[in-house]
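J.: Residue numbers (the working numbering), protein chains in the order written: chain A, 1 to 289; chain B, 1001 to 1757.
Keep in mind the hints are simulated off the structure, nothing from the lab. All residues carry an ideal CB built from backbone N, CA and C; glycine is no exception. Some clues are possibly wrong.
[Stated by the list, open to error] Derived list of chain A stretches under chain B, where covered just means 3 residues or more per stretch with a C-beta under 8 Å from a C-beta of chain B: (1) 15-29; (2) 182-194.
[To be verified] Calculated lysine-lysine pairs in the BS3-like style (CA-CA distance at most 25 Å, straight line): (3) A:Lys-210 to A:Lys-260; (4) A:Lys-260 to B:Lys-1677; (5) B:Lys-1749 to A:Lys-276.
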Amino acid sequence: MADIRYLAPRTLDEAVSAYAAAAGAGRILAGGTDLIVQMRAGMVRPGTIIDIKKIEEMTAIQETPDGGFVIGAAVPGAVLAEHPRFGKAWPGVLEAINLIGSTQVQGRASAGGNLCNASPAGDSVPAMVAAGAAVTIQGPDGRRSLPVEAVPAGPGRTNLAPGEIVVSFTLPPRPKGSGDAYLRMIPRTEMDIAVVGCGVNLTIENGVVKAARVGLGAVAPTVLLVEDAAKALVGSKLEDAALDAAAAACSAACRPINDKRGTIAYRTRVAGVLLKRTAAIAADRARGA
Amino acid sequence: MNVINKPDVIGNKWIGARTIRPDGADKVTGRAAYAADNVMPGMIWGKVLRSPHAHARIRSIDTSKAEKLAGVKAVVTHKDIVDFPLDKSVMLGIQDMRWMCRNVMAREKALFHGHPIAAVAATSEEIAAEACKLIEVDYEVLPHVIDIADAIRPDAPILHDFVQFEGKPSNIAGTMVLKSGDIEAGFKDADIIVERTFDSRPVHQGYIEPQACTVSYAADGRVTIWSSSQGQFMVRAMTSLLTGIPQSDIRAIPAEIGGGFGAKTIIYLEPVAVMLSKKSGRPVKMVMTREEVMRATGPAPGSLSTVKIGAKKDGTLVAAQGTFYLQAGGLPGSPLRGPVGCSFAAYAIPNVLSVGYDVVSNRSKVAAYRAPGAPLGAFATECVLDEIAEKLGLDPLEMRLKNSAREGDKAIYGPVFGHVTFAETVDAIRRHPHYTAPLDRNPRPGVKRGRGVASGFWYNAGGESSVQVNITEDGNVVVTTGHPDVGGSRASIANVVAELFGIEHKRVSVLIGDTATIGFSNLTGGSRVTFASAMVATLSTEKVIGQLKERAAKIWNIDAEAIKWQDGMALPAGDNAGKFPPLSLKELAARANDMGGPIGTQVQLNTTGADPGFATHCVDVEVDVDLGIIRVLRYTAAQDVGRALHPSYVEGQIQGGVVQGIGWALSEEYLYDRNGKLDNAGFLDYRMPVCSDVPMIEPIMLEIPNPKHPQGVRGVGEAPIVPPLAAIANAVYDALGKRFTSLPMSPPKVLERLEQP
Ligand SMILES: Cc1cc2nc3c(=O)[nH]c(=O)nc-3n(C[C@H](O)[C@H](O)[C@H](O)COP(=O)(O)OP(=O)(O)OC[C@H]3O[C@@H](n4cnc5c(N)ncnc54)[C@H](O)[C@@H]3O)c2cc1C
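Construct all of the structure, not just a fragment, from the sequences and the given hints.
T.: Here's what the structure looks like:
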């Protein structure tokens, strides 16, 4: 068995240079709830592990002056749940992150890990996409920003350049009348992987949808931003016709596979069903906000 | 709790009490020692090389490179395991050693992905795993077949040249036929006939503890095995047969067991570890990973069944025919007697033909799982009965009552029934508030609800049991039995022994002996252990009480006949016996040595008189028709439990069986990829229900004492897993108006079916 180097840098610069130096053999460790499992299964064999949990910026939750949030990429779900205001502004994003695993897993699992693990079924990702979140990335060539939906490249692959680390998620300020929600279909009631996941974020003014974003998970190689579904909702009062059109757009956007967790026909159909149910919850929240 | 008919429990202090379980504190504090917890000085680790192919001829195995790797101490292959030639069957219980020796180490062929090919022992688990990769196996890869329907096609790849069916090479390795009356005439006589075909996938027992053992082959040739199983004597006997070491040189010590449900009635690792230990001269430990457990140990079989039942207009059943194909796995031996014998046993049907086929295919060899095979037969039969009742406009429970087998009827599997308690279980459900409560069928848009019922039968069993009862010098009681405790047998035996001695329950300690410290005791399985060991513990205790009376008789210088035993004391039986102050167990123990020596005895017996178990269940389900998700809302399970020695355990058995049935019906299945490799070898994608998936299951314990048992005990562990598959399918039909004949009723299947007309 080859030895593994474990590093726990205190600054982002150190982490980036250690990561770059390790070249292909390096792996970032946030909560480890994917990485350690994959190592034990022999799927990955890193030479160097760079633990990012000691870097302040990556474990902090900040509120921006304009009312937005910056969430460190390594903040565990349980910590985010305890924030006094985040869940009020983004109940959908929070419920998506808190759906990951069990109480034990929540003590570790992060949104950054969920995104960078690049599973099409990651629960927080469709909610983040619907929220219009962007990630800040730092690498050997400095900082840049990407919309969340631009990070995954395919199952287990991201568009991060070698040596790049996701630092944080930036969620925009919330206009009045906004609400978001996330629902997933799993055969069991918990401890399962999404067969379809759907995030919806709405802003409603005088009963009319002013802005909408829809994220869909587990129906394509990457989490999808479904712009056609959003278009069908904007300008509507969420009448049946608008919801039917949005549901149809979701089903049309699906490019799923048959696997042990679901069939193509099932996922395609359920994507539309979940859109309607998720939109209803998001709308209730928007009307109450 | 719900206890009905408790006639003779009055006056009992411990029998029927919910005493604290003897294994509880150790289990909740993490102190209980399971199989993988044993460590020995000088111990090394064994790992198994497994077949990467679903079906392949093994041309050669070259272990030389592995043997040269630093840290490797021994390598074994099938050459080190005793060969049982194909032409002669050697049985141990229901297991044929021809198949067991090939299951433990592949011989001519690799028969499934994960089949053991060789094993290595090394100074670390990592080195052993590394060495496995250095073993060179020359395979001739053969076409494989997984599903029953494919395996019985005429052009299917044949697994075994020696298997013939109807004169031709075949994957049908065995048949079982039971019949009564004239089936043709019976159907001619029927006003209505319903015939349906059902199928299901293999399912896992879901025990948490993977198979594990530590084995020491000492310099004098004596072997000690620490492992977790449902029978230390089975471990000893099977290891002896597969290694050629006499039983007297093998001591099998049972560890605390982390679940078995039938799966641990056979072994995989012990003979291999013995040979690795023998070759290396070091103690060897082997622990399966969860993935190995799922790929290579035995689940329950998949099934393909056709059931045809004919009835008169008034619901009288006149003919029943069942054809049951079970998926044995790579080697023969599926539990045909489950569906063939149990499916129609609860009913008085004059004309029956019940046929089972044992079908081999390229997946791991099946093992027992609670009421082996019976749930699969009941799934088909009880769904067809539901359909007949519906078509005739009869209440499904009334129809079952009308057709219940009665005392004196000859069971299709042979014996003449004594008192049959099936009708009581049906009646208990019929009168229960669950069954009589109205059901809101459309509580919300997109949601439909339904209610279903089904019944089940299991043979139950007696068999060999040994119980030693010793009085300690300080006047307390130590009981040793020979059965691993998977369902609360220690707690139940403690209740019985405390009751008979008339002493505080805390003063009785019940332990499980190893093969060197207690007489032969058969497997924990078939719902036999509480029945058998309570019977034998009663005999042992009565003998010891006899000894105690003799001691008192000696002290008082009167006749032992003139002494009675009561509340933990010897007393003169009446005024004629004389007047003496009582002698307590403690006083008698203190004087044991000067009055004739230590007090204690062992009784060993092949017990008989295990009456069958009957169960009737009622379930409400809710279907989300847009997602195809079925949830169980309410579940009530009535069962004749004979006598609940420890009611919490009896309830636990019923609830556990039901939960396993719910998983079988709705979400559990082994899924294979195109290459014949198991695609969901772990608990994430092998979907057993979690706590939040099931409601509180309400057991109705009908205490109708078994007249052939001193406490009235009847086996309770298997019957509760028999009805759920059909009860749930019938409830889903009630909700949706569509019959589901294929398990599991997983969401994609449900949506697909809803889209069909
Ligand atoms: C029992 C169990 C249940 C689970 N249930 C769910 C579930 O319901 N839903 C779900 O979506 N997931 C589930 N998961 C998967 C996992 O918990 C989540 O994906 C989690 O969000 C991963 O976060 P982490 O911080 O533990 O990531 P890690 O395991 O630390 O990292 C995951 C991957 O991302 C990389 N990485 C992590 N952070 C960064 C970063 N900042 N920059 C660049 N790369 C990074 C790592 O190198 C690694 O490849 C479950 C896992 C377990 C063990």
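J.: Now tell me if each hint is right for this structure.
T.: Verification of the supplied hints:
1. Residue count for the stretch 15-29 of chain A with a Cβ under 8 Å from a Cβ of chain B: 0. That is fewer than the three needed, and the coverage hint is violated.
2. For the stretch 182-194 of chain A, the stated coverage by chain B holds: 8 residues have a C-beta nearer than 8 Å to a C-beta of that chain, and at least 3 were required.
3. For a cut-off of 25 Å, the pair hint linking A:Lys-210 to A:Lys-260 is broken: about 39 Å separates their Cα positions.
4. Between A:Lys-260 and B:Lys-1677 the CA atoms are separated by roughly 13 Å; this keeps the pair inside 25 Å, and the hint holds.
5. Using a Cα cut-off of 25 Å, the hinted pair B:Lys-1749 and A:Lys-276 holds, with the two alpha carbons roughly 22 Å apart.
When held up to the earlier numbered hints, the structure conflicts with 1, 3 and fits the remainder.
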